[in-house]
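> Using the sequences and the hints, build the whole thing.
Keeping their order, the protein sequence lines are chains A and B. Under full-length UniProt numbering, think of the first position of the first sequence as 1, with each following residue one higher. Under full-length UniProt numbering, think of the first position of the second sequence as 1, with each following residue one higher.
Just so you know, not all the hints are guaranteed correct.
Stretch-level coverage of chain A by chain B, calculated; a stretch enters the list once three of its residues show a Cβ under 8 Å from a Cβ in chain B [what the hints assert, rightly or not]: (1) 12 to 19; (2) 93 to 101; (3) 128 to 142; (4) 219 to 229; (5) 240 to 254; (6) 268 to 280; (7) 347 to 361.
No lab work stands behind these hints: they were computed from the structure. The C-beta atom is built at its ideal place from N, Cα and C for all residues, glycine as well.
Take a look at the letters that make up each chain.
2 protein chains.
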Amino acid sequence: MKIENPTPIKWQFSQRAEQLQSSVIREILKVTMRPDIISFAGGLPSPATFPVEHMKTAFDKVLSDQGKVALQYGPTDGYAPLREWIAQSLSIDGVTISPDQVLMVSGSQQALDLLGKVLVEDGSKVLVETPSYLGALQAFSVYRPEFVSVPTDENGLLPETVEGIADGACLLYSLPNFHNPTGRTMSLERREALVETCARLGLPLIEDDPYGALSYAGEPLPKMLTMNPNGVIYLGSFSKVLTPGIRLGYVVAPAILIRKLEQAKQASDLHTSQLTQMVVYEAIKDGFLSQHIPSIRTLYANQCKVMLDALEEFFPVGVKWNQPAGGMFIWVTLPKHIDGMQLLDEAIAQNVAFVPGAPFYANEPETNTLRLSFVTVPPEKIRHGVQVLAGLIKNKLR
Amino acid sequence: MKIENPTPIKWQFSQRAEQLQSSVIREILKVTMRPDIISFAGGLPSPATFPVEHMKTAFDKVLSDQGKVALQYGPTDGYAPLREWIAQSLSIDGVTISPDQVLMVSGSQQALDLLGKVLVEDGSKVLVETPSYLGALQAFSVYRPEFVSVPTDENGLLPETVEGIADGACLLYSLPNFHNPTGRTMSLERREALVETCARLGLPLIEDDPYGALSYAGEPLPKMLTMNPNGVIYLGSFSKVLTPGIRLGYVVAPAILIRKLEQAKQASDLHTSQLTQMVVYEAIKDGFLSQHIPSIRTLYANQCKVMLDALEEFFPVGVKWNQPAGGMFIWVTLPKHIDGMQLLDEAIAQNVAFVPGAPFYANEPETNTLRLSFVTVPPEKIRHGVQVLAGLIKNKLR
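Here is the structure:
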């Protein structure tokens, strides 16, 4: 029996749902899926780096040897051998991380959601970098905080500004290595000062580190986690060093917080795929990442150099950008009167795309900024795309 | 540099996080993982039903043919061919479901979380069956509703009671087929009356249907979705018909709600594993489920009969239970003075476990109830476990 002419439902969304909007980036990505577009818009790693054969072997092995376990429900905190592997890999610089400080999640984005759920009270302050990762702003915004923008410069956020704005804050969110969107690296001095300040204020400090392994040259700077494991919440991910499509990340934090996050995860999705966790453990347990990651670094470093050279060659005087030491992004600052969103419309008309900087700001946006990603575009297209953008910018300088 | 003697953080959890506690069931499951325990506590499907070889072939095929796509980030709403397959499979009884009414999620539990996020306002009423699925109570409780228990009997909830308690409610949550925890089936008349009442009141009606395919005999009753696709939110899952460890489910609802849920999902975890979705599509697209599901039904029907026979043989007069027409659970009602939680302690001491009924009640619990699952226990152990429970119950009747 079908109900005849039912009263149409007037869908009423919660106040927190009213905060939600589709990410500008995801909307841009839909446009830029067109094969004729040169897209610097993606935040996607290069599929050339995905170890498909290696993953296939690992899936085959786990399903052959432990198929029934891998396909069954699993524990909420995650697959124990993988949690142990992570704890061990982070037990460095004199710090010991225990497996009960590790929670497996379905990508770092879920860690951000769970942290918002557990730590953010309606109306409480969340401190974020200026600009900050859009996905974090989205995840936290559902829990209706007051975002407070912490000033930054080319060496990351300015720790000395934190104390004056931290009163009543529930957390500070930072992304110190090869920042998204700016590509910047927080200096060692800043890290130490930030950890010290947050520890003194009793302010939970999130260290989001999806790109940390992607240093182009030399050792990455010490993790803030190792400076104060009792006060830092570290987020790691397999998306940029293995593959993102499997959705696997982790949170490392004091056990008391992990237990609360585990309860929140149980209510959110019970647990992360047992099969995926077992396969990733199988894929990495014998040292695969230490052979694999250098090949990603080399690829990205080369493509970054191609883009930097093209920017140098084609972009007019008055446009500024940074020289990333790793990661996937370059941040461009245009003369003040040029609006990135408007430039995007013109660029798309010429089959080039990027992400305007404005959506990355929690409060007043600097609209004359752009994020460029170079990792999925072949060198000759990087040069051509930059040349097109340069032409459009020059037109606006006349 | 490690910070010396930092101020220990006094972790302050949000009010919504204070609602969270670890599920009684998951705590019991930890005890019952001991191999010497006969556990009727699980909500886990039988691993004997997992098509390991078939899944292995599907993983191999997807990774061989489309590895780079499968391992890359994917769209938030899900893998299009799988969404189309689901839409088509639900376009029955004269109803057409379009793929844009389908959102893929990481198991039904995530659908419950997203629905809570998007529809539940602090303090607004959520109507649930008496008793109800514990995972739904957990998922919604984070969003701090007032739970209102809708009376039920052996044929499911009583639709005529809804209108009197629905004022200001944001949703009604139901599980009409082979209910968890009661194993009951909502009658056709009740379904029609409930859909009609909710449509008249403009009250969103959730039809959670993880067990619907597991009917022991005959066709399942019509889905409420087909009675009013504009007012019913249907939740489906691959956990009970394929495997749960991969975490894959879906929501079917009017497109306006799906778009809002999609935004919430994007903020929660970006998207569900692209690889998993492609593999499940590969595994089911040529009709695999229509061969596979009957074998699950037969296994569960047989084990259900073993337990029913044992209950009949061993349980004393004064104990009541139902005869499920499908699914994984039997609901036992003891004489009023026997407390299920206390009985559990005694049962565990004799290496038998089950889930007490109390945690399934949103409001006043009936403490003299138990949920028994028979699907993962071999027949001879079912008989022995029931005999042990019967002895403990008889002791309390003396």
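> All hints are to be evaluated individually against the structure, with a verdict given for each.
Comparing the hints with the structure gives:
Residues of the segment 12 to 19 of chain A lying with their CB closer than 8 Å to a CB of chain B number 6, which satisfies the three-residue condition for coverage. With 3 residues bearing a CB less than 8 Å from a CB of chain B, the segment 93 to 101 of chain A meets the requirement of three and the coverage assertion stands. With 5 residues having a Cβ less than 8 Å from any Cβ of chain B, the segment 128 to 142 of chain A passes the three-residue criterion, so the hint holds. Counting residues of the segment 219 to 229 of chain A whose C-beta lies closer than 8 Å to any C-beta of chain B gives 4; at least three are required, and the coverage claim holds.
Interface restraint, the segment 240 to 254 of chain A with chain B: holds (6 residues with C-beta to C-beta distance below 8 Å; minimum three). Only residues whose beta carbon comes within less than 8 Å of a beta carbon in chain B count, and the segment 268 to 280 of chain A has 9; three or more means the coverage holds. Check result for the segment 347 to 361 of chain A against chain B: violated, 0 residues qualifying (beta carbon to beta carbon below 8 Å, three or more required).
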